[in-house]
Amino acid sequence: DAGVTQSPTHLIKTRGQQVTLRCSPKSGHDTVSWYQQALGQGPQFIFQYYEEEERQRGNFPDRFSGHQFPNYSSELNVNALLLGDSALYLCASSWDRGLGNEKLFFGSGTQLSVL
Amino acid sequence: ILNVEQSPQSLHVQEGDSTNFTCSFPSSNFYALHWYRWETAKSPEALFVMTLNGDEKKKGRISATLNTKEGYSYLYIKGSQPEDSATYLCAFLYNTNAGKSTFGDGTTLTVKP
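If you read the sequences in order, they're chains F and U.
Under my numbering, the very last position in the first sequence is 115; numbers go up by exactly one each time.
Under my numbering, the very last position in the second sequence is 113; numbers go up by exactly one each time.
Any given hint could turn out to be false.
Said to hold, decoys possible - Output of the computed footprint for chain U on chain F, the stretches with three or more beta carbons under 8 Å from beta carbons of chain U:
1. 35-47
2. 73-86
Stated by the list, open to error - Counterexamples of contact, computed for chain U against chain F with all Cβ distances above 12 Å:
3. E15
4. S18
5. N20
6. E45
7. A46
8. V49
9. G54
10. T65
11. E70
12. D84
13. S85
14. T102
15. K112
To be clear, the hints were calculated from the coordinates, so they are not data collected in a lab.
Note that beta-carbon positions come from the ideal geometry of N, C-alpha and C, so glycine has one too.
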């Protein structure tokens, strides 16, 4: 049973470029959340996708957008990259049982460097 | 803005020592608290899901307690081993959705043989 997989593992971009990160959730999971982790800080919630729609969003600008596909996989897109977007991007999946406290299963992350 | 604080930021102990660290969170609008362990070069892994005041959870040598009225949770490790070396994160949920967790900055534990 594959866990949460993310690609690519590492990525180097320059300011102003656009990037797409990908995530496949754990088998049986229908909900995907994205987090940004800057060095020395905890993960910051970007947004969550459920049933192919953005269900919740954190305090991130519109440059950050996403998508969820019918197979529950998800993409995170960041436009007009800034130096401050350099971070580890984590994808987490869960199965929505309506309890609201389901634990998250994380991928290993994509390390994005913006030069 | 929710404030979830973890202390200490880092901890160095000898193998066999017992240790504990703290997660502080808003005492109002509590829904759940998660603890995660994040080993270097791996993914964060859930340890505990805590929902009720007075909850106590245990997994091997690791245990956690929860006080929602005063807004804190303790994580205890009994007889630390080098394989316990990791960053321990707590995540506070004020909404009925685990995805929108507010994480602390973590406590990094190093256990020396």
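Hint by hint, here is what the structure shows:
no.	hint	in the structure
1	35-47	holds (count 7)
2	73-86	violated (count 0)
3	E15	holds (26 Å)
4	S18	holds (25 Å)
5	N20	holds (19 Å)
6	E45	violated (8 Å)
7	A46	violated (4 Å)
8	V49	violated (5 Å)
9	G54	holds (16 Å)
10	T65	holds (17 Å)
11	E70	holds (20 Å)
12	D84	holds (19 Å)
13	S85	holds (17 Å)
14	T102	violated (7 Å)
15	K112	holds (22 Å)
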